[in-house]
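Asks: If you're matching them up, the sequences are chains C and W in order.
Counting in my numbering, the first sequence runs from 1 upward without gaps.
Counting in my numbering, the second sequence runs from 1 upward without gaps.
Derived by calculation from the structure, the hints in this document are not laboratory data.
Check before you lean on any hint, since a few could be wrong.
As the list claims (entries may be wrong) - Have a look at the derived ranges for each label pair, beta carbon to beta carbon:
#1 W:Glu174 / C:Glu522: 31 to 39 Å
#2 C:Asp309 / W:Thr28: 22 to 30 Å
#3 W:Asp300 / C:Lys548: 50 to 58 Å
#4 C:Lys548 / W:Gln143: 21 to 29 Å
#5 W:Ser332 / C:Glu476: 23 to 31 Å
#6 W:Arg340 / C:Ser334: 21 to 29 Å
#7 W:Ala108 / C:Tyr559: 25 to 33 Å
#8 W:Thr28 / C:Tyr559: 17 to 25 Å
#9 C:Lys548 / W:Asp166: 26 to 34 Å
#10 W:Thr28 / C:Ser334: 51 to 59 Å
#11 W:Glu29 / C:Asp461: 17 to 25 Å
#12 C:Lys548 / W:Pro134: 36 to 44 Å
Stated by the list, open to error - Heads up, incomplete: computed chain W residues facing chain C, CB under 10 Å, no partners named:
#13 Cys19
#14 Trp218
#15 Gly268
#16 Trp272
#17 Ala292
#18 Glu295
Said to hold, decoys possible - Now the stretches of chain W that chain C is said to cover, found in silico as 3 or more residues with beta-carbon under 8 Å:
#19 111 to 121
#20 276 to 286
#21 306 to 313
#22 320 to 327
#23 354 to 362
Where a beta carbon is used, it is the ideal one built from N, C-alpha and C, also for glycine.
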Amino acid sequence: MASTPARIDQSRIRNFSIIAHIDHGKSTLSDRILELTGAVDARLMRAQYLDSMDIERERGITIKAQNVRVNFRDHILHLIDTPGHVDFGYEVSRSLAACEGAVLLVDASQGIQAQTLANCYQALENNLEIIAVLNKIDLPAADPERCAAEIEQVLGLAAEDVLHISAKTGEGVPELLQAIIDRFPAPTGDPDAPLQALIFDSAYDQYRGVVSSLRIVTGTLDSTAKLRFLQARQDHEIEEVGIRTPDMVPVKSLGPGEVGYLIAGIKDVRAARSGETVTTAIHPAESPLDGYLDPKPMVFCGIYPIDGDDLPVLRDSLDKLKLNDASVTFEPESSHALGFGFRCGFLGLLHMEIVRERLEREFNLAVIATAPSVSYRAYLTDGSLLSVDNPTELPDPSRLDRIDEPMLKITILSPAEFTGTIMELCQARRAELQRMDYLSPTRVEMAYTIPMAEVVLDFFDALKSRTKGYASLDYEQTGYVTSNLVRVDILINGESVDAFSTIVHRSQAEFYGRRMAERLKELIPRQMFDVPIQAAIGGRVISRETVKAKRKDVLAKCYGGDITRKRKLLEKQKEGKKKMKSIGRVEVPQEAFVAALRLED
Amino acid sequence: MAPREYGIYIHIPFCRQRCDYCAFVTSTEHDDLIDRYVDACVAQLLRERRESDGIPATVFFGGGTPSRLSGDQVRRIVDACGAEATSEVTLECNPEDLTALTVHEFAAAGINRLSIGVQSTQPNVLKSLGRRSPENVLEGIEQALHASDLRSWNLDLIYGAAGESDADFAATVESVLAMAVRPPHLSAYGLSVEPGTPIARDPLRHPNEDHQADRYEWLDSRLVRAGYRFEEISSWSLPGHECRHNNLYWSGGDYLAIGTAAHGHRDGRRYWNTASIERYITAIETGASPVAGEETLTSDERWFESATLALRTARGVPWEWLDHAGLRALESRGPFVVHRGGRAVLTVQGRLFANRVAQFLRPFVRDGSCSL
Chain C
1 MASTPARIDQ SRIRNFSIIA HIDHGKSTLS DRILELTGAV DARLMRAQYL DSMDIERERG
61 ITIKAQNVRV NFRDHILHLI DTPGHVDFGY EVSRSLAACE GAVLLVDASQ GIQAQTLANC
121 YQALENNLEI IAVLNKIDLP AADPERCAAE IEQVLGLAAE DVLHISAKTG EGVPELLQAI
181 IDRFPAPTGD PDAPLQALIF DSAYDQYRGV VSSLRIVTGT LDSTAKLRFL QARQDHEIEE
241 VGIRTPDMVP VKSLGPGEVG YLIAGIKDVR AARSGETVTT AIHPAESPLD GYLDPKPMVF
301 CGIYPIDGDD LPVLRDSLDK LKLNDASVTF EPESSHALGF GFRCGFLGLL HMEIVRERLE
361 REFNLAVIAT APSVSYRAYL TDGSLLSVDN PTELPDPSRL DRIDEPMLKI TILSPAEFTG
421 TIMELCQARR AELQRMDYLS PTRVEMAYTI PMAEVVLDFF DALKSRTKGY ASLDYEQTGY
481 VTSNLVRVDI LINGESVDAF STIVHRSQAE FYGRRMAERL KELIPRQMFD VPIQAAIGGR
541 VISRETVKAK RKDVLAKCYG GDITRKRKLL EKQKEGKKKM KSIGRVEVPQ EAFVAALRLE
601 D
Chain W
1 MAPREYGIYI HIPFCRQRCD YCAFVTSTEH DDLIDRYVDA CVAQLLRERR ESDGIPATVF
61 FGGGTPSRLS GDQVRRIVDA CGAEATSEVT LECNPEDLTA LTVHEFAAAG INRLSIGVQS
121 TQPNVLKSLG RRSPENVLEG IEQALHASDL RSWNLDLIYG AAGESDADFA ATVESVLAMA
181 VRPPHLSAYG LSVEPGTPIA RDPLRHPNED HQADRYEWLD SRLVRAGYRF EEISSWSLPG
241 HECRHNNLYW SGGDYLAIGT AAHGHRDGRR YWNTASIERY ITAIETGASP VAGEETLTSD
301 ERWFESATLA LRTARGVPWE WLDHAGLRAL ESRGPFVVHR GGRAVLTVQG RLFANRVAQF
361 LRPFVRDGSC SL
């Protein structure tokens, strides 16, 4: 069944990825390359061929790294499609590590964006060759000269070497492919050395188990070999080795520089993570490849089924999701207000949103997520350290020595006209300006340090809306600093409601408390008695609202025709009481909690 | 065995103008069907009234606007009901339709009780309800009734419309109590938002619960001071003028459903006729059944239904049928019930929360005989 020749001439291989900002046309370019090289019949072409998840196609983003082998003018080109979002920065770095070159694709009407820049720097650090390409030159708003000058200024790539293409019409794409052959180096690797192969992506297929994408660095991967995973310290039998054209085609072996897929009877992507080094069990390589990281979740939230009966389905769905996404973490937690659910960890906000959306769509679950939280470090008076990613776990202020919060270094690229509004936003979010550079007279790059907690709430949205969508953002974690943080609890009739507890900077405690109390006042139905809603720090109340006691129920007349209706109403009310959550004596419909948290988004 | 007392409800679904709060089946566009509709009601009565039923205790023309019928049309229906002088025969009417002449005609047709939908005397309130506001409406009623020997009649009021002040409501009530002949029976309803009505679509016109509660408390004390007695949550009457027909509803009595969208009850079976005027007429004309839906109550449901209905009235329920400890835990403005002759009767506070109090009925204490 295997069909490819045993050994491929390395000098005819080019491995590259495309670095691009969202909407700058990466998927369209990939599609065009597939079409032009005959890998996919033009008649069967569907938009964004490589983005296989519904969410990827809809949002126009790439979440999982994909790869495809195409043939062009006697050369084998491996296109390694990388995730475009900063949440998946580690996956990007592994994809880049599998390449010798990177195509920097920039929308000629918008110019280079923060994340693209960050990924590009990463590619340069990995010693990758870069070909800068301006896309969408067919658009009237395109300003290729300005963009090329900017690229030269920022990245030091000569403006005259920048290619001009239209991925939409295909103009300039053959020239790009030729430039990839001419300018990117061929891989070098000793085919007879012990095997070192880099896994840069793994996905779970319900019929075949884990399918990993990998790049052979040295040695030869023979389909009959027994494999050893150096970081996971596990051995596996190969079921199938192959290449994607993009259809999966089994081969007998893969030599140095080649990119392909591996199926080895693995049931869980955690056992074949991005960055894993694969070697053989018989002649193992002495050391793994550089750069392996176990990505740590940065953002946490509680996820609860809206219908408590769905709890087992939620657990099952998270398990399945994790098969495909090793970076999601979850453990059971319970909330008085929301019942049983899971504390989940994510790489970032987008990652969290995607997981929530996949739960709702692919698993048909209605879920509610609590406000996102970061992981704090609480130093207690007894000298111990507690890692807190759920506000309710924060000890009482009297037992706290100090709290440290995680910081980010963010880089914002924006048209210069928005500088003022960006500075305003950053100041309001406790950010400190580190650096500000004009990339060109009209474009500015600003670097800040900012508490991560300020970013996870709605920083992206605020930035986008203040800059009409023109600013872009990149971030990296820079450690922890001590901060004046407090936990604000929300009490309904004296009882704390865990789902609303949050850790905020002291200066924002009143604002959060007042807003939440006001919101709950609107959402909690009137009871038979006055219900105070309080926001408190420790035992001290910082804000108070009251839901006034109900005065009446129904005062309409009861006609002959109303009797049936009336009886059904009363029967329903009896039933309805069972569905209420009781916070002490206060009966609150679950919808009210859900609505309060929704508004928090 | 003497036949059970029963009533007849006749729905007259025609209106000149639809009020913005009304969710009853009515039409402003089918006046050409009135004759055929009356024929259909008569035909249905002749078909469904059984010989053994005897004379109806009550007949009630509800609507819609039954006063849109002519005296002759009313008479044909009353005759088909087999009503006698002993029967209470009520007709709902709009004040604009009442003149000395129409009152005389209705009386001649066998009507011995009128229920007049005044709702309010204040133009801003009537406008908020989507009703026209006739000039000097109460004087008009006095003049129309002056020459008649109609002994019993009712005025309908609505409170809690958006824009209505305490003073507006007090003005309406005081002018009613100052009439030369006071209405022997008063109904006052808290405006409720019924789905599908223009008011439901306009949150600015939704009633304020606190204002309604204030007005109810004030109204009850004012009427009691004027000599009226609480009959049911939304009804007060001078002694001897309780509405027999309504009391039939509230005591689980039987009543025939005549006309479109009318509801009927016979011995635990509740049923209702089609809500389409045309379909109703066609059904009757072709000998088909006009019934669109029905349910037969289980004995538990019957018990719960009669208990909740009785709870709303001055009769109340047997004292031990309520979980008094549970109730007391919720009382913040005084007790919900008082003990009267072995029965629990709602106080004003209890009436404001009648639905809530009904949740404390204890089915396990009933003895199966429904001894209300």
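Asks: Tell me, in ascending order, the numbers of any earlier hints that this structure violates.
Replies: The structure conflicts with hints 2, 3, 4, 5, 6, 9, 11, 13, 14, 15, 17, 19, 20 and 22, although it agrees with all the remaining ones.
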